[in-house]
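Engineer: Spelled out, the chains give:
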Amino acid sequence: KNEVEQSPQNLTAQEGEFITINCSYSVGISALHWLQQHPGGGIVSLFMLSSGKKKHGRLIATINIQEKHSSLHITASHPRDSAVYICAVRSVNTDKLIFGTGTRLQVFP
Amino acid sequence: GAVVSQHPSWVICKSGTSVKIECRSLDFQATTMFWYRQFPKQSLMLMATSNEGSKATYEQGVEKDKFLINHASLTLSTLTVTSAHPEDSSFYICSAPVQSLYNSPLHFGNGTRLTVT
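Respectively, the protein sequence lines represent chains A and B.
Using this note's numbering, you'd call the opening residue of the first sequence number 1 and step up by one each time.
Using this note's numbering, you'd call the opening residue of the second sequence number 1001 and step up by one each time.
Derived from the structure by calculation, the hints contain no laboratory data.
Incorrect hints may appear among the rest.
[Claimed, not checked] If you want the footprint, here are the derived chain A segments under chain B, 3+ residues with CB under 8 Å:
1. 39 to 45
2. 93 to 99
[As the list claims (entries may be wrong)] Straight line, CA to CA, 25 Å or less: simulated DSS-like cross-link-like pairs of lysine-lysine:
3. A:K96 - A:K54
4. B:K1066 - B:K1041
5. A:K53 - A:K96
6. A:K68 - A:K53
7. B:K1014 - A:K96
8. A:K96 - A:K68
9. B:K1020 - A:K68
10. B:K1064 - B:K1014
11. B:K1055 - B:K1014
12. B:K1020 - B:K1055
13. A:K96 - B:K1066
14. A:K96 - B:K1064
Ideal Cβ positions, reconstructed from N, Cα and C, are used throughout, including at glycine.
Turn these sequences into a full structure, and let the hints steer you where they fit.
Structural biologist: In structure tokens:
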């Protein structure tokens, strides 16, 4: 079992839909990151969380440390949101990042 | 915002040749640079951590003589894939923290897609 699991692996949506991507992890962490990887491969950091909730524009990220779970929400989705969304956690034991395999999102007009 | 510039974005080379990939921090000093490899539809895997002025730290299973890392200045880290083979074909991407490792957002280069024929 991977230490960082994401669901779903693939997600399609119509423009305007509310989207949720989930991340569960099994290790102790000091921080959790949500990343966006574009089709060309470039990666953008969306959020870094250690507790609670953060919002940036149409994106919201939440984390529940007790349940070892985080969600990334996209409101009013748009075709330009189409990308792979990656959850990564920093392990308190090793100090290294552990990456999920990503969720491939396609938003159709 | 902080920018990491990575070159080349793609490269095709023949088996047995060497390829150098550069990552530059454009508006901050990167004392640490992380080098990752990503195979299709897989997670990013950390290959090594480079620190300015000292030897890189390689992850288990990564050959340091094959993947040469140099971090000679606070703004430049390079990864050289020596004697490349088709199985080295992958997506290589660097990342640097702007501040301390523990509470810093991640800044990535745009990656290099290497194809070895």
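Engineer: Taking 25 Å as the top limit, are the C-alpha atoms of B:K1014 and A:K96 close enough?
Structural biologist: Given that 25 Å is the threshold and the Cα spacing comes to 33 Å, the pair is violated.
Engineer: Regarding the pair A:K96 and A:K68, is the alpha-carbon distance no greater than 25 Å?
Structural biologist: 17 Å, holds
Engineer: Given the hint that A:K96 pairs with A:K54, does the C-alpha gap stay at or below 25 Å?
Structural biologist: The given pair, whose Cα atoms are some 23 Å apart, holds under the 25 Å limit.
Engineer: Would you check chain B against the segment 39 to 45 of chain A, counting CB to CB pairs closer than 8 Å, and say if three or more residues qualify?
Structural biologist: holds (count 6)
Engineer: Going straight from one Cα to the other, do B:K1055 and B:K1014 come out at no more than 25 Å?
Structural biologist: 28 Å, violated
Engineer: Does B:K1066 sit within 25 Å of A:K96, going by the straight-line distance between their CA atoms?
Structural biologist: 22 Å, holds
Engineer: What's the verdict on A:K96 and B:K1064, does the C-alpha distance respect the 25 Å limit or exceed it?
Structural biologist: 19 Å, holds
Engineer: Between A:K53 and A:K96, is the straight-line Cα distance small enough, at 25 Å or below?
Structural biologist: Roughly 23 Å between the alpha carbons, so the hint for A:K53 and A:K96 holds.
Engineer: Against the 25 Å threshold, does the CA-CA distance of B:K1064 and B:K1014 hold or violate the hint?
Structural biologist: Roughly 21 Å between the alpha carbons, so the hint for B:K1064 and B:K1014 holds.
Engineer: B:K1066 and B:K1041 were given as a pair; does the straight-line alpha-carbon distance stay at or below 25 Å?
Structural biologist: 24 Å, holds
Engineer: For a C-alpha distance cap of 25 Å, please report whether B:K1020 and B:K1055 respect it.
Structural biologist: Since the Cα atoms of B:K1020 and B:K1055 sit roughly 17 Å apart, the hinted pair holds (cutoff 25 Å).
Engineer: Would you mind confirming whether the straight-line C-alpha gap from B:K1020 to A:K68 stays at or under 25 Å?
Structural biologist: Given that 25 Å is the threshold and the Cα spacing comes to 39 Å, the pair is violated.
The structure shown violates the earlier hints numbered 7, 9 and 11.
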